[in-house]
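What follows is each chain in one-letter form.
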Amino acid sequence: MSGENIRGDGRKNNELRPISIKLGVVKSADGSCYLEWGKNTVLATVHGPRPIFPKHMADSEKAVVNYRYRMASFSVPERKSPVPAKRDKEISLVSGFALESSIYTEKFPNTVIDVDTIIFSSNAGTRAAALTAATLACADAGLPMKGLISAVAAGRANGDIILDLTKDEEDADDAVDTACAVLMPQKEIVLLQMDGFVEKEDWKKMISAAMSGAEKIYELQKKVLLDKYPLEGEINE
Amino acid sequence: MRKIVTPGDFLTDQRRKLGQNVYLKEGKVYSSVLGILSDAGDSISVIALNGVYSPVVGDIIVCVVSSESFNGYVLEFNSYTDTFLPKSLLSKELKIGTMLFARIKNINANGSIELDNVNILPKGRLFVSSCVKVPRLIGKNDSMLNVLKQHTKSNILIGRNGWIWYDSKQPELLEKAFGMIITNSQKSNLTESIKQFLEKYEK
Numbered sequence: 001m002s003g004e005n006i007r008g009d010g011r012k013n014n015e016l017r018p019i020s021i022k023l024g025v026v027k028s029a030d031g032s033c034y035l036e037w038g039k040n041t042v043l044a045t046v047h048g049p050r051p052i053f054p055k056h057m058a059d060s061e062k063a064v065v066n067y068r069y070r071m072a073s074f075s076v077p078e079r080k081s082p083v084p085a086k087r088d089k090e091i092s093l094v095s096g097f098a099l100e101s102s103i104y105t106e107k108f109p110n111t112v113i114d115v116d117t118i119i120f121s122s123n124a125g126t127r128a129a130a131l132t133a134a135t136l137a138c139a140d141a142g143l144p145m146k147g148l149i150s151a152v153a154a155g156r157a158n159g160d161i162i163l164d165l166t167k168d169e170e171d172a173d174d175a176v177d178t179a180c181a182v183l184m185p186q187k188e189i190v191l192l193q194m195d196g197f198v199e200k201e202d203w204k205k206m207i208s209a210a211m212s213g214a215e216k217i218y219e220l221q222k223k224v225l226l227d228k229y230p231l232e233g234e235i236n237e
Numbered sequence: 001m002r003k004i005v006t007p008g009d010f011l012t013d014q015r016r017k018l019g020q021n022v023y024l025k026e027g028k029v030y031s032s033v034l035g036i037l038s039d040a041g042d043s044i045s046v047i048a049l050n051g052v053y054s055p056v057v058g059d060i061i062v063c064v065v066s067s068e069s070f071n072g073y074v075l076e077f078n079s080y081t082d083t084f085l086p087k088s089l090l091s092k093e094l095k096i097g098t099m100l101f102a103r104i105k106n107i108n109a110n111g112s113i114e115l116d117n118v119n120i121l122p123k124g125r126l127f128v129s130s131c132v133k134v135p136r137l138i139g140k141n142d143s144m145l146n147v148l149k150q151h152t153k154s155n156i157l158i159g160r161n162g163w164i165w166y167d168s169k170q171p172e173l174l175e176k177a178f179g180m181i182i183t184n185s186q187k188s189n190l191t192e193s194i195k196q197f198l199e200k201y202e203k
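Same order as they appear, the protein sequences are chains A and B. Quick note: the first sequence uses the working numbering, first residue 1, plus one each step. Quick note: the second sequence uses the working numbering, first residue 1, plus one each step.
To be clear, the hints were calculated from the coordinates, so they are not data collected in a lab. Take these hints with a grain of salt, some might be off.
One-sided excerpt, in silico: chain B residues whose CB lies under 10 Å from chain A [stated by the list, open to error]: (1) 2; (2) 4; (3) 7; (4) 9; (5) 23; (6) 32; (7) 34; (8) 95; (9) 110; (10) 122; (11) 130; (12) 194.
Derived DSBU-like pairs: lysine-lysine, alpha-carbon spacing no greater than 30 Å straight-line [said to hold, decoys possible]: (13) 176(B) with 146(A); (14) 187(B) with 27(A); (15) 105(B) with 55(A); (16) 105(B) with 22(A); (17) 3(B) with 228(A); (18) 187(A) with 3(B).
Covered stretches of chain B, going by a simulated chain A footprint (3 or more residues, C-beta under 8 Å) [unchecked claim]: (19) 48 to 62; (20) 78 to 84; (21) 179 to 186.
Ideal Cβ placement from N, Cα and C applies to all residues, glycine included.
Starting from the given sequences, assemble the full structure and let the hints guide the process.
Shown next, in the form of structure tokens:
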């Protein structure tokens, strides 16, 4: 993968779109995170651990992680039905498994941790953006975790292996898109999904691109968490 | 020098007593929450900056009656679980919304807790805070608590679960001071700043 080629939006092949993150934006939630990633915008909130209803859903050995991925009806150019489609349910399920693997759920038996992620604006790579925001909201809520999840998409468009595809690149003729979520700093892959056909060599390049992207995102996530609690400074009223 | 760590941060590879909010993997110690590193002597732990209260035997907690059944009451206490208080432990009937303070006597295997030394609190207000802020709200040798009590002429009882009962002559000022302590809990020299703030507005 050469880092030199310039893409449609002026980025290099191994460059991420600009990311900006705010923590604690929803006061009624235990933890929350608002994330802008290129043209994607995501709001993630965490409620809980709290008592679970209906009671038969409870697990007496661990907390249940209830992850919801939803796209707002105005998030795509043509109106999307707000009824959760098959795609929303599938992403919710697999992202929930990925997030659950990072949380010490066994500390909170018979409870539920509700994680809601809403996509306000979508431009490819939203499941990675949603997971990146959700893990920060969990850390903001003070949940005990093994590490943070850094998710990013890598893929191929117009013959180049590229990191963090936009919608235009995803619509290319030979496009391959791999969403990859990594538990950092352990570097364990917790989510891996792919669309399209790809050769083994390209696949290896895509995974290493996703790994390097995840490391950049992890640094950013850590910085955001540390900035929320400045150790120095005035004690204001 | 105090240091803030995030979940998954490497802390040490030496043999240490594991305190709260850390985990061991392949002989190395990592943090499991966002918090302040506390690396004193032979033990290592992380003081969380947010989180829910996990009951510990012996803690004094402030709780509120949330519902009544024929043989007892359900109490809320700012945790991920509620508790049941049988009427046989009480000498008089309670109303919904009554505030109590009690000691945790026992925690069962299924996570439910038993209480003893149950006392009904007199008329007062409830301030909802988080259990992780309790050490700062009390201070070293009750220093912060004494400052708050003296300067606002109040009666304060802080539960280990983060709920605070108070009866004050200046409730607005006291609540503002609580808010200041909570938002600045990671900074040092807090008691002195709160003292100056209260002296400025004290009547």
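Results of checking the hints against the structure:
With 10 Å as the threshold, the beta carbon of residue 2(B) comes within range of chain A, its nearest partner Cβ sitting at about 6 Å, so the hint holds. A distance limit of 10 Å between C-beta atoms decides the matter here; for residue 4(B) the minimum to chain A is near 5 Å, and the interface restraint holds. With a cut of 10 Å, the hint placing residue 7(B) at the interface with chain A holds, because the nearest CB-to-CB distance is about 4 Å. The restraint placing residue 9(B) at the interface with chain A holds, with a minimum CB-CB distance near 8 Å, inside the 10 Å limit.
Look at residue 23(B): its Cβ gets to within about 7 Å of chain A, closer than 10 Å, so that hint holds up. For residue 32(B), the interface hint holds, since its Cβ comes within 10 Å of a Cβ in chain A; the closest pair sits about 4 Å apart. Hint status for residue 34(B) relative to chain A: holds, with the closest Cβ pair at about 5 Å, below 10 Å. About 23 Å separates the beta-carbon of residue 95(B) from the nearest beta-carbon of chain A, more than 10 Å, and the hint is not met.
The interface hint given for residue 110(B) is met, as the beta carbon of that residue sits about 6 Å from the closest beta carbon of chain A, less than 10 Å. Annotation: residue 122(B) was flagged as interfacial toward chain A, and the flag is violated, the nearest CB pair being 29 Å apart, outside 10 Å. Taken as an interface hint, residue 130(B) checks out: its beta carbon lies about 8 Å from the nearest beta carbon of chain A, inside 10 Å. Using the Cβ-Cβ criterion of 10 Å, the hint placing residue 194(B) at the interface with chain A is satisfied: the shortest such distance is roughly 8 Å.
Between residue 176(B) and residue 146(A) the alpha-carbon distance is near 36 Å, which puts this suggested pair outside the 30 Å criterion. Proximity of residue 187(B) to residue 27(A) is assessed by CA-CA distance (about 22 Å); at most 30 Å being required, the pair is judged to hold. Our distance criterion of 30 Å between C-alpha atoms is met by residue 105(B) and residue 55(A), whose separation comes to about 26 Å. Straight-line distance between C-alpha atoms of residue 105(B) and residue 22(A) comes to about 41 Å, which puts the hinted pair past the 30 Å bound.
Under the criterion of a C-alpha separation no larger than 30 Å, the hint pairing residue 3(B) with residue 228(A) is consistent with the structure, at around 13 Å. At roughly 24 Å between alpha-carbon atoms, residue 187(A) and residue 3(B) fall within 30 Å of each other, so this suggested pair holds. Closer than 8 Å: that is the beta-carbon criterion, and the stretch 48 to 62 of chain B has 6 residues meeting it against chain A, so the requirement of 3 holds. Remark: the stretch 78 to 84 of chain B is confirmed as covered by chain A, as 3 of its residues place a Cβ nearer than 8 Å to a Cβ of that chain, reaching the required three.
With 3 residues having a beta carbon nearer than 8 Å to a beta carbon of chain A, the stretch 179 to 186 of chain B meets the requirement of three or more and the stated coverage holds.
When each numbered hint is compared with the structure, violations occur for hints 8, 10, 13, 16.
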